[in-house]
Amino acid sequence: MPSGSLAPAMATRDELSEFLASVERRAYKQALFAVRDSDAALDIVQDAMIKLSQSYGERPSAEFPLLFTRILQNVIHDHFRRQKVRSTWVTLFSALTPAGDDDADPLETLEALAGSSDAEGADDKVERAQVIAIIEEEVGRLPARQREAFLMRYWEEMDVAETAAAMGCSEGSVKTHCSRATHALAKALRARGITL
Amino acid sequence: MNENEFGYRIRQALDEGLDQLDYRTTYRLQQARQAAVARLPAAGGVPALAPAWQTAGGPPVEREPIGWLRGLGLVVPIVALAIGFVGIYDYQESRRIAELADMDFAVLMDDVPLETYADKGFGALLQNPSDEQ
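Listed in order, the protein sequences are those of chains A and B.
All residue numbers for the first sequence refer to our numbering, where the first residue is 1 and numbers rise by one.
All residue numbers for the second sequence refer to our numbering, where the first residue is 1 and numbers rise by one.
One thing to keep in mind: the hints can contain errors.
Among the chain A residues that face chain B by a calculated CB cut under 10 Å, a handful are [as the list claims (entries may be wrong)]:
1. Arg26
2. Leu42
3. Ala48
4. Met167
5. Ser170
6. Gly172
7. Ser179
If you want the ones that stay clear, here's a sample from chain A, every Cβ over 12 Å from chain B, calculated [said to hold, decoys possible]:
8. Met10
9. Ala62
10. Pro143
11. Cys169
In case anyone wonders, no lab produced these hints; they're calculated from the structure.
We treat Cβ as the ideally placed atom computed from N, Cα and C, and that holds for glycine.
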């Protein structure tokens, strides 16, 4: 513990790089679950990474997980806010744009994820990949707040208090969201013939 | 199966899904990470120089922080400009004094042409010599 200063040492480039490398794939998937667009999800992750680096780079690396989770959620919410504004204008000029964009979203996600396993030859691997794709699809279909709470608690292994802090809600709300997400997900997977 | 166990199994499946990301996605994530690391502020609190915001696919540019050099880059031109002004002023003063001295010397040696005394400017100069010194 430093004797002369109360401030902990700021993270080094290597620590930041290591941290980002450890969370980037999960962050991408979380963004993808939310926005259902690969390019938008990648931009969201990059935006969150840069915000962490520029605004909180001087913080010790131990604070990165919680900070990054919060930043990522904020960037996703900002994306939806911008999209809402954009969609207002798109609606005004809807006659000029091709229809059907909304219909493709869930299947696009499923196909994209399933398509990545084409190279694997073994049947069981393909089957497993399909199961994973279905699970991801159903996770993506959860209501946003339920999904956020569920993923933070069970994928990122954050405790209830950390999840509540990251989501800006009470611990009771986190428990409720998680419980509802679990039941909804289990029901949806059962309906598709998947038992865990 | 309780909630924790269910969550654990979902986590396993999601983790497996991470390994199935295609090369394009992992490459762009790597690029994004490098761009973010390049923007990490330097230890002294001065942000590292970094390229403007780019899309996830854009090439990151690593640049080293040069805080003191940037400060020096601002001070040096200002000092050079000040020295230049002082030099020009000094040169003009010396030249003016030399011209007046030549004129005084010419008057004292009686080398000034007669027409010069008829010039109004020369009369004014003789009446207010202190203004010119």
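Worksheet item: Does Ser179/A pass the interface hint, meaning its C-beta sits closer than 10 Å to a C-beta of chain B?
Response: Given a least distance of 7 Å, the restraint on Ser179/A holds.
Worksheet item: Does the CB of Gly172/A sit less than 10 Å away from some CB of chain B?
Response: Violated, because the Cβ-Cβ distance from Gly172/A to chain B comes to roughly 15 Å (cut-off 10 Å).
Fill in: Verdict on Pro143/A as a residue remote from chain B, using beta-carbon distances over 12 Å
16 Å, holds
Worksheet item: Are Ala48/A and chain B close enough, Cβ to Cβ, to be under 10 Å, as the hint says?
Response: Hint on Ala48/A: holds, closest Cβ of chain B at ~9 Å, below 10 Å.
Discussion item. Would the non-interface assignment of Cys169/A survive a Cβ cutoff of 12 Å against chain B?
Written reply: It holds; Cys169/A is separated from chain B by about 18 Å at its closest Cβ, greater than 12 Å.
Worksheet item: When the nearest CB of chain B is found for Arg26/A, is that gap smaller than 10 Å?
Response: 7 Å, holds
Worksheet item: Far enough from chain B: is every CB of that chain over 12 Å from the CB of Met10/A?
Response: Its Cβ does come within 12 Å of chain B, the nearest being 7 Å, so this is violated.
Worksheet item: Hey, does the Met167/A contact hint survive, CB to chain B under 10 Å?
Response: Check failed: Cβ of Met167/A comes no nearer than 16 Å to chain B, outside 10 Å.
Practice prompt. Would you check whether the claim that Ala62/A is not at the interface survives, using Cβ distances to chain B and the 12 Å cut-off?
Written response: 16 Å, holds
Worksheet item: If you take the shortest Cβ to Cβ gap from Leu42/A to chain B, is it below 10 Å?
Response: With a minimum Cβ separation of about 4 Å from chain B (threshold 10 Å), the hint on Leu42/A holds.
Discussion item. Restraint: Ser170/A near chain B, CB-CB cut 10 Å. Satisfied or not?
Written reply: Violated - the Cβ of Ser170/A stays beyond 10 Å from chain B, reaching only about 18 Å at its closest.
Violation of the numbered hints given earlier is confined to hints 4, 5, 6 and 8; the remaining hints are satisfied by the structure.
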